[in-house]
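Q: For reference, the chains in residue letters:
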Amino acid sequence: MNLDDLEELAVKYREEQGETDREVRVCVATACHSSGAPAVIEALEAAGAEPAADGARRCKVKGVGCMGLCSVGPMVAVAEPGADLRESDLYKSVTADDAAEIMASARSTDDATVERLHCPNDMPFFTRQRWIVRENSGIVDPDSFRGYVAVGGYAAMVQALSEMTPQEVINEISTSGLRGRGGGGYPTGLKWSTVAKMPAEQKYVICNADEGDPGAFMDRAILESDPHRVLEGMAIAAYAIGANKGYIYIRAEYPLAVERLKTAIRKAKRSGFLGNHICETQFNFDIEIRLGAGAFVCGEETALMASVEGGRGHPTPRPPYPAESGLWGRPTLINNVETFANIAPIVSNGGAWFAGIGTEKSKGTKVFALAGNILNGGLIEVDMGMTLREIIFDIGGGIPEGKAFKAVQTGGPSGGCVPDAHLDIGVDYDSLKTLGTMMGSGGMIVMDETSSMVDVARYFMEFCMTESCGKCVPCRTGTYQMHGLLDKIARADATHADLALLEELCEVVQATSLCGLGQTAPNPVLSTLRYFREEYEEKLAGSR
Amino acid sequence: MPRTPPATQVRVVTLTIDGQALSAREDETIIEVCRENKIPIPSLCWMDGLSIVGACRLCVVEMAGSPRLSAACSTRVAEGMQITTNSERLQRYRRTLVEMLFAERNHVCSVCVSNGHCELQWLAQTCGVDHVRMPYRNHAYDVDSSHEMFRVDHNRCVLCTRCVRVCDEIEGAHTWDVMGRGSDCKVITDLARPWGDSDTCTSCGKCVQVCPTGALVKQGTSVGEMVKDQQFLPILARRRHIR
Amino acid sequence: MQRQRPDLPSNDKRWKLVNATMRRNGYAEHALIEALHSVQDAFGFLDEEAMTFVADSLDLPLSKVYGVATFYHLFMLKPQGRHACVVCTGTACYIKGAGGLIDGIRQHFDVAPGETTEDKALSVLTARCVGACGLAPAVVLDGSLVGKLGAEQLIERISREIAE
Numbered sequence: 197m198n199l200d201d202l203e204e205l206a207v208k209y210r211e212e213q214g215e216t217d218r219e220v221r222v223c224v225a226t227a228c229h230s231s232g233a234p235a236v237i238e239a240l241e242a243a244g245a246e247p248a249a250d251g252a253r254r255c256k257v258k259g260v261g262c263m264g265l266c267s268v269g270p271m272v273a274v275a276e277p278g279a280d281l282r283e284s285d286l287y288k289s290v291t292a293d294d295a296a297e298i299m300a301s302a303r304s305t306d307d308a309t310v311e312r313l314h315c316p317n318d319m320p321f322f323t324r325q326r327w328i329v330r331e332n333s334g335i336v337d338p339d340s341f342r343g344y345v346a347v348g349g350y351a352a353m354v355q356a357l358s359e360m361t362p363q364e365v366i367n368e369i370s371t372s373g374l375r376g377r378g379g380g381g382y383p384t385g386l387k388w389s390t391v392a393k394m395p396a397e398q399k400y401v402i403c404n405a406d407e408g409d410p411g412a413f414m415d416r417a418i419l420e421s422d423p424h425r426v427l428e429g430m431a432i433a434a435y436a437i438g439a440n441k442g443y444i445y446i447r448a449e450y451p452l453a454v455e456r457l458k459t460a461i462r463k464a465k466r467s468g469f470l471g472n473h474i475c476e477t478q479f480n481f482d483i484e485i486r487l488g489a490g491a492f493v494c495g496e497e498t499a500l501m502a503s504v505e506g507g508r509g510h511p512t513p514r515p516p517y518p519a520e521s522g523l524w525g526r527p528t529l530i531n532n533v534e535t536f537a538n539i540a541p542i543v544s545n546g547g548a549w550f551a552g553i554g555t556e557k558s559k560g561t562k563v564f565a566l567a568g569n570i571l572n573g574g575l576i577e578v579d580m581g582m583t584l585r586e587i588i589f590d591i592g593g594g595i596p597e598g599k600a601f602k603a604v605q606t607g608g609p610s611g612g613c614v615p616d617a618h619l620d621i622g623v624d625y626d627s628l629k630t631l632g633t634m635m636g637s638g639g640m641i642v643m644d645e646t647s648s649m650v651d652v653a654r655y656f657m658e659f660c661m662t663e664s665c666g667k668c669v670p671c672r673t674g675t676y677q678m679h680g681l682l683d684k685i686a687r688a689d690a691t692h693a694d695l696a697l698l699e700e701l702c703e704v705v706q707a708t709s710l711c712g713l714g715q716t717a718p719n720p721v722l723s724t725l726r727y728f729r730e731e732y733e734e735k736l737a738g739s740r
Numbered sequence: 046m047p048r049t050p051p052a053t054q055v056r057v058v059t060l061t062i063d064g065q066a067l068s069a070r071e072d073e074t075i076i077e078v079c080r081e082n083k084i085p086i087p088s089l090c091w092m093d094g095l096s097i098v099g100a101c102r103l104c105v106v107e108m109a110g111s112p113r114l115s116a117a118c119s120t121r122v123a124e125g126m127q128i129t130t131n132s133e134r135l136q137r138y139r140r141t142l143v144e145m146l147f148a149e150r151n152h153v154c155s156v157c158v159s160n161g162h163c164e165l166q167w168l169a170q171t172c173g174v175d176h177v178r179m180p181y182r183n184h185a186y187d188v189d190s191s192h193e194m195f196r197v198d199h200n201r202c203v204l205c206t207r208c209v210r211v212c213d214e215i216e217g218a219h220t221w222d223v224m225g226r227g228s229d230c231k232v233i234t235d236l237a238r239p240w241g242d243s244d245t246c247t248s249c250g251k252c253v254q255v256c257p258t259g260a261l262v263k264q265g266t267s268v269g270e271m272v273k274d275q276q277f278l279p280i281l282a283r284r285r286h287i288r
Numbered sequence: 076m077q078r079q080r081p082d083l084p085s086n087d088k089r090w091k092l093v094n095a096t097m098r099r100n101g102y103a104e105h106a107l108i109e110a111l112h113s114v115q116d117a118f119g120f121l122d123e124e125a126m127t128f129v130a131d132s133l134d135l136p137l138s139k140v141y142g143v144a145t146f147y148h149l150f151m152l153k154p155q156g157r158h159a160c161v162v163c164t165g166t167a168c169y170i171k172g173a174g175g176l177i178d179g180i181r182q183h184f185d186v187a188p189g190e191t192t193e194d195k196a197l198s199v200l201t202a203r204c205v206g207a208c209g210l211a212p213a214v215v216l217d218g219s220l221v222g223k224l225g226a227e228q229l230i231e232r233i234s235r236e237i238a239e
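Protein chains in written order, with the working numbering: chain E, 197 to 740; chain Y, 46 to 288; chain P, 76 to 239.
FYI, nobody ran anything at the bench for these hints, they're computed from the structure. A hint or two may mislead.
Pairs of lysine-lysine, DSSO-like flavour, derived with a Cα cap of 30 angstroms [unchecked claim]:
1) E:458 - P:91
2) E:441 - E:458
3) Y:231 - P:153
4) E:458 - E:208
5) E:463 - P:91
6) E:465 - P:91
7) P:195 - P:223
8) Y:231 - P:195
9) E:735 - E:684
10) P:91 - P:195
11) Y:263 - Y:231
12) P:91 - E:441
13) P:153 - P:195
14) Y:231 - E:684
15) P:223 - E:599
16) E:256 - E:465
17) E:629 - E:735
18) E:463 - E:208
19) Y:273 - Y:231
20) P:153 - P:88
21) E:441 - E:393
22) E:557 - E:629
23) E:465 - E:441
24) E:465 - E:208
25) E:288 - P:223
26) Y:83 - Y:273
27) E:208 - E:256
28) E:599 - E:288
29) E:288 - E:256
30) E:458 - P:88
Please model the entire structure based on the sequences and the hints provided.
A: If you want it as structure tokens, here you go:
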């Protein structure tokens, strides 16, 4: 199969979708799904089955992926086929009772909208984003293989298989400057070429979908909205490095994403886009799903592989790195969901195109999950380098209830809190590190003036304490001791000596822990101490 | 007739440890080279003859050109490496790590059967721990005396997993494993049933001998009487390896 | 040496489901977590009989199976209540008052996270972020996600479920 054959297929699928003037798209990702989207779809379909007036526009109801504004779901978009969110009439907090009204306005040929549910599509939340990873989110039906092909899906894979050598694929990825979206920011092209160079019969590709950071749900939304995009990225990676077997390690807490993935894998296999002789080439690649069972540490590469092998999710010392000796001792490529979702557009548009977006050292876009005390909570995708202030106040709409901003927490339990004074820094891997936090997987929790920073630090330390695997001494016992000290401080029972011991423990745990979980566990304490030290000191005995 | 020397793939490298120029086979780890050359470096989970877990972190060393510390047990030597094993910073870290171990369980040397023969005690002495700055957890653990020959006292366990590894890797029984997570971790036999009920335990006693503290001991020992004999391990490990 | 696989522990049909999961994975060691998932899906929790059966089928040491079963928080070693309420304690939910929900449940139903009420009606669990931060504070009640509820509304909702 070559690109022309695929385009023919896409045309065929587009025609099959029938004559539709407007699509009524209902978000069916988790947040909207549990806010009542299935009932809305049912009601819209019932309304659509009613006879329409002569000359009315032909409408079709469609379940689609995440539109981003999760805090006001269920979201509905009325749009012409192929149009994106900014070109749609958007409705928020839709219920089944609103279905008839929405269907009527969608059918009518004047451009009237249902005013009371209307959500302006020209607000910065939509206009300031750039969709690469999420370009199909909210547009295609995540359960439809044909829908994905119809919008140009799998073209990158077919192009790689039919027109490019593995080395050429890796070159494009290296040129793009893409860095791992799981948090570490390791150059993806370098990782790929390392695994590709390993002489081995058997290699593996693993997709890390164990999105454990509390407050982060980018990967879940990507898998629920556009699962084929991730499969395509994995297949391209497998072709580039010479692997024929892939695993997706996904949290059991994401049942909807698991179902969508299973459906996507089944349909891709049936159509010959996964399995043996993919698209009539010599390339074989099969993907299996592995369910996590509730262990944050399994997001760490070596622990994840131990878990795929069926054991306790214990990290092992590196080197050897997974690229050299990974799953069952074989060279293994591990990337996270968002990284794989970036691959297809890079192959299609070229690495240079991608490298033109973002900052000097961090290319492309990043998906962030906005949550906490913020008006427009949800998912956004913006260019690397956009300032935190723009993200929080322009896109996020600022703090609700007239309260003042206090800090934004990034990087989950490995990250830190950024105060107002530093909001004008452009977000990329390196700038956040200088602020004592990190990109992490992309969760951003906004906190208003009522939040206590000591409490926040204690919260994260409690997280690390219960999520520590217990293997290495500093993480297992250090997080316990640090949590005890933070608790003592929060209860205003602590002395200056306790605070000094806390700082010492932070240093020891950071320097000596075996894996990233322990090495970064002190970060929330260190960053809140750096910017909000007075909150700690106010609580110490003798200072009042 | 001259004998041909055995063909070897392994190269020899030179490196510096604490200013001392040394040579080593490239498949050796830093801790092995240190032990050969009598350079003292504290360790707890590492044991010649068992697999490497890199869990106690006591053997961390500084390496020139690397911002991170490396565990000497899990890092192979390389040409030109410059290693510091005993800086003021490392001493401070090790002291804190040993303190944390003491505070984790209920270690009371004066009433321990291993008093005077305990690796944790030696570590405290060599690392200069004179008091524990952090509060003891004071979590009560049980003592399992159900085995006819041995006893396990979880109050004295440091979770080094030597028992788990020797049972699996040398004896081949895999009676021991670790259950739980984080501070809740505990060594167990079979389905966390009393040791004496175990169908898989061969009563070989290897776990008792490799245990660094008074957690695994012989029945009938009193304060200070439990002396461990670990000579067997490198020999058994080598013979198993050859086979 | 060919090893005999153990017989199913009883005629209970659910064992066949568990066995099928292991067979699908060729009774390989790495099927352990998948096998434990299928036991929990079928029986609601893992008891000694099930863990022994899985260990024997996959030729794994008992202590290893127990170690894995207790490492992962999703695996339950005790029978659960008829209804399950999972309170998300992720950061966003924490900021928006997940602690209040747990306290409210504790006061009203006399049950703490990780425990089941005496009448086996309700099990309360916590989760590390269910990824529904837009609906914070989020709760998964009997498998379906409900969001943005206060403590009183949640208690009312749970009481209704129990009464039904």
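Q: Next step is simple, just say for each hint if it's right about the structure.
A: Here is how each hint holds up against the structure:
| no. | hint | verdict |
| --- | --- | --- |
| 1 | E:458 - P:91 | 22 angstroms, holds |
| 2 | E:441 - E:458 | 16 angstroms, holds |
| 3 | Y:231 - P:153 | 19 angstroms, holds |
| 4 | E:458 - E:208 | 25 angstroms, holds |
| 5 | E:463 - P:91 | 27 angstroms, holds |
| 6 | E:465 - P:91 | 27 angstroms, holds |
| 7 | P:195 - P:223 | 27 angstroms, holds |
| 8 | Y:231 - P:195 | 29 angstroms, holds |
| 9 | E:735 - E:684 | 9 angstroms, holds |
| 10 | P:91 - P:195 | 27 angstroms, holds |
| 11 | Y:263 - Y:231 | 20 angstroms, holds |
| 12 | P:91 - E:441 | 28 angstroms, holds |
| 13 | P:153 - P:195 | 11 angstroms, holds |
| 14 | Y:231 - E:684 | 27 angstroms, holds |
| 15 | P:223 - E:599 | 20 angstroms, holds |
| 16 | E:256 - E:465 | 28 angstroms, holds |
| 17 | E:629 - E:735 | 28 angstroms, holds |
| 18 | E:463 - E:208 | 17 angstroms, holds |
| 19 | Y:273 - Y:231 | 22 angstroms, holds |
| 20 | P:153 - P:88 | 21 angstroms, holds |
| 21 | E:441 - E:393 | 17 angstroms, holds |
| 22 | E:557 - E:629 | 13 angstroms, holds |
| 23 | E:465 - E:441 | 13 angstroms, holds |
| 24 | E:465 - E:208 | 19 angstroms, holds |
| 25 | E:288 - P:223 | 16 angstroms, holds |
| 26 | Y:83 - Y:273 | 22 angstroms, holds |
| 27 | E:208 - E:256 | 18 angstroms, holds |
| 28 | E:599 - E:288 | 24 angstroms, holds |
| 29 | E:288 - E:256 | 19 angstroms, holds |
| 30 | E:458 - P:88 | 25 angstroms, holds |
In the structure shown, no violation is registered for any of the earlier numbered hints.
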